[in-house]
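Please build the complete structure, drawing on both the sequences and the hints.
According to my numbering, the residues represented by the sequence shown are 1 to 64, in order.
In case anyone wonders, no lab produced these hints; they're calculated from the structure. Check each hint, because a few of them may be wrong.
[Stated by the list, open to error] Below, computed lysine-lysine pairings styled on DSBU-like, alpha-carbon distance capped at 30 Å:
| hint | residue 1 | residue 2 |
| --- | --- | --- |
| 1 | K45 | K29 |
| 2 | K45 | K62 |
| 3 | K45 | K61 |
| 4 | K57 | K45 |
| 5 | K45 | K28 |
As the structure is a computational prediction, the values presented were derived from the model and not from experiment.
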Amino acid sequence: MDFLYIFLPILGLVAIGFLLMSIRVLIKKNGRFSSQHIGQSRAMKERGVHCAQTQDKMERKKAN
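Next up, the structure:
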């Protein structure tokens, strides 16, 4: 019984969180989540930061 008193409010908070995160996707026509990948971030590209695999590949080319 105590489990339900803890689980249900937590489940409600998680559901509210998902709804708030998806508002942009639901409201905007052709809405979608932006990519969270470092290599596709405009701000990271401007700073010259790449994903670990790309940076490793670049360093290996420099070494050869």
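Does the structure keep K45 and K29 at a Cα separation of 30 Å or less?
Since the Cα atoms of K45 and K29 sit roughly 27 Å apart, the hinted pair holds (cutoff 30 Å).
Are the Cα atoms of K45 and K61 separated by 30 Å or less?
OK: K45 and K61 at ~20 Å, within 30 Å.
Does the alpha-carbon distance linking K57 and K45 stay inside the 30 Å limit?
holds (16 Å)
Hint check: K45 vs K28, CA-CA at most 30 Å. Holds or violated?
At roughly 26 Å apart (the allowed maximum being 30 Å), K28 and K45 satisfy the hint.
With the threshold set at 30 Å, check whether the alpha-carbon distance from K45 to K62 stays at or below it.
Holds, because 20 Å separates the two Cα atoms, which is no more than 30 Å.
The structure is consistent with each of the numbered hints, conforming to all of them.
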